[in-house]
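Assemble chain B onto chain A, guided by the hints.
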Amino acid sequence: MKPYPKYYLVFKTFLKNNLIGYMEYRANFFMEFISEIAYVALKLVYIYAIFKTGVSINGNSSAYILAIGGNHMILTGIFVGFFMMNFLDLSYRVRDGTLDFLITKPISLQFMISFRSFQLGATIPNFVIGIAMLVIGIREMGVEISFWNFIMYLLLMISSIILTYSIFLIMQLPTFWIVKTDALTNIMESIWDYNNMPMNIYGKRIIIGGIFFIPLFVISNFPLLALTGQLESHLMIWGIGVSVPFLILSRILWKTAIKRYSSASS
Amino acid sequence: MRRIDKYIYSYKVGFQSATEYRMDFILSIFASIFPIFVQYFVWKAVFSATPVYNGYTFNSMMLYIIVATVVSRFVSAGFEYEISSDIKNGHLSRFITMPVSYLFFRVFRFLGQKIIHLVICALILICLSFIMKMLSFELVYHQLFLFIISIILALILNFIIFYIVSTISFWMAEIWGVVIALRLVINIASGGILPIAVFGESIASVLNVLPFKYTISFPLSILLDDIPLGEVMEGFALQCVWIAVFAILAKIAWDRGMKKYIAAGG
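Sequence order for the protein chains is A and B.
Residues in the first sequence are numbered from -12 upward in steps of one, following our numbering.
Residues in the second sequence are numbered from 69 upward in steps of one, following our numbering.
The shape of chain A in the complex, shown without the other chains (with noise of 0.2 angstroms):
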C-alpha cells in the first residue's frame, strides 16, 4: 500500500470514528456546543464593551474590531475542532503511558496525534457567530473585495492554520519533561486569544515580536489585512512563507521530544 492512500483512509476513519461517537454519545456533542455558546458569548462581551466605548482603538474602527474578532472566531472553530483536544490528548497519554498503544502502530506518531479526535460540536458556533460578525464587518467598512484580495485571504488562512498547529504543538511539548500541564494549557488558551483584537494595539516590540519570531499575530490578523486590502506585499509574502519553516520546525521538535517518552506506568 502506497504511504498517501493509506493516511486519508486513516483520516477517513478518524472521522467516521468521531461521527459514531456522536451518534452514540449525543449529550457529549450539546456540552461542546452549549459550553462553545458561552465562550462565544465571552468574547462578545469583551467586543460589546469595546464597542460601547464607541472610540477608535489606535485607528481601527469598530466595525473592523468586530471583522477581526469574527476572522479569530472561524479559526477558532478550527483550533477548538481540530487540534486541541488531541493536543489535550497528548499530555494525558504521556502521562499515563497510553501512549505505548500508538507509537506500536505502522503510521505515524505525530499523525495519530494530531487528528484523532474532532469537536465539531464546538466548531458550529464558531463558524456561524463568526463568519456572520466578519461579513457584517467587512460591509460596515465599505470596502471593495477584489478577487485578487479574496485568493491571498484564503492562502493566508491556510497558512494561518499550519502555522496554528505548529505553534501550538510546539508549545504541548514540554509536556514530555513536566508532567502536569493544566496551567501550560491555559496559557496556551489565553495567548490564542491574543489575536482577538487588531495586532496594532499592541506596542510596536511585541508586533514585531509577534510577527517574525513567533509569528502569532500572522494567523487571524494578517488574512483580514489582507482581504482589506491593507497589507503590504512583502509581509504577505512573509506571511504566507513562514508556515513552512514551522512546520518543519514542529516536526524537529516532534522527534526531539519524543526521545522523552519513558512510558509511564508500564
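Errors might be hidden in some of the hints.
[As the list claims (entries may be wrong)] Label pairs and their calculated CB-CB ranges:
hint : chain 1 : residue 1 : chain 2 : residue 2 : range
1    : A       : T91       : B       : T87       : 38 to 48 angstroms
2    : A       : Y248      : B       : S128      : 48 to 58 angstroms
3    : B       : D92       : A       : Y248      : 18 to 28 angstroms
4    : A       : I90       : B       : T87       : 35 to 45 angstroms
5    : B       : N157      : A       : L2        : 26 to 36 angstroms
6    : A       : Y248      : B       : V277      : 53 to 63 angstroms
7    : A       : H221      : B       : A190      : 49 to 59 angstroms
The hints are simulated quantities; they were obtained by calculation from the structure and are not laboratory data.
Computed from a predicted model, the values in this text were never measured in an experiment.
Heads up, the beta-carbon is just placed ideally off N, CA and C, and yes, glycines get one too.
For chain B alone, kept in the frame of chain A given last:
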C-alpha cells in the same frame, strides 16, 4: 463521637486536598495574568481616546480587572464535577446509608479548601497592593474589615449557587458543557471580568437586580470605590437575603433530585 466530628473530618479532607494541589491553584491564578495583558493593551488604547469612561479611568479599570481576577478565583466553587460524578456513578448512595448530611460534607470540605486558597489569595493581594502603591493606585484600607465580611458572604452565596447548578446532574447524565457555560455566564454577570457599569446603563440595571453581583462586584466596590457605610450594610443585607433564597431553592432542587436518583452503578 460528637455530631460535629465527622464534618471536622470532611474539613480536614478539603484542607489536605487543597494543600496537596496548592501549585495547581497558584498556577491557575498565574495563568490568568495572560488575559490581563490583553486587557491592558485594549483599555490603554481605549482610554488614550477618552480619559474617563463610565466613571472609570485607565488606572481604576486595570485595578478592578486585576483584583476581580483574584477574587473570582477565590470565590469559585470547583466542586460541580465532583457532585456530578457522585450522582452519576452512584457514590451518593454511601451518604444515604451513612448518618452524614451530604450538604454539610460538601460545605466543610469546601471551607477546608478555601482556607488554603485564602492564604494564597491574601499573599497575592498583599504583594499586589505594594505594587499598586508604587503605581499610585489607592485601595480603601479602612474598609478592609467590611471587605472581608462581604467576601465571606460572597463565598457562601457562590457555594449555594453552584450547589444548585450541580443538582442538574439528577436530570442529565452529562453536565460538563452546562457547567462551563454557567460558570462563564455567572462570572460575567458577577462583574468578574469587567465592571458592570461598562456594559451600559440598560444591561447594568438588569445585572444590578440579579444576585450574581453580590459574589464579586459588591465586595470589590467596598475595597475600590469607598462606598458609604449605609450602602455597605444594605449590600450585606441583600447578600443574606439571596443566601436565604438560594438555600431554599437548593433544598427544593436537592429533594426533587433525590426522588430521581437511581443509584447507578451502586
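*Regarding N157 of chain B and L2 of chain A, is the given constraint of 26 to 36 angstroms on their beta-carbon distance met?*
31 angstroms, holds
*Could one say that the CB atoms of T91 of chain A and T87 of chain B fall in the range 38 to 48 angstroms?*
40 angstroms, holds
*Go ahead and decide if the range 49 to 59 angstroms is satisfied by the Cβ distance of H221 of chain A to A190 of chain B.*
52 angstroms, holds
_Tell me if the beta carbons of I90 of chain A and T87 of chain B are separated by a distance inside 35 to 45 angstroms._
Hint holds: Cβ distance 36 angstroms, inside 35 to 45 angstroms.
_D92 of chain B paired with Y248 of chain A, Cβ distance criterion 18 to 28 angstroms_ = The hinted range 18 to 28 angstroms holds for D92 of chain B and Y248 of chain A, with Cβ atoms some 24 angstroms apart.
*For the range 53 to 63 angstroms, tell me whether the beta carbons of Y248 of chain A and V277 of chain B fit it or not.*
Since Y248 of chain A and V277 of chain B have Cβ atoms about 55 angstroms apart, the given range 53 to 63 angstroms holds.
*Y248 of chain A paired with S128 of chain B, Cβ distance criterion 48 to 58 angstroms*: Given about 50 angstroms between the Cβ atoms, the range holds.
Going through the hint list in order, the structure satisfies each hint without exception.
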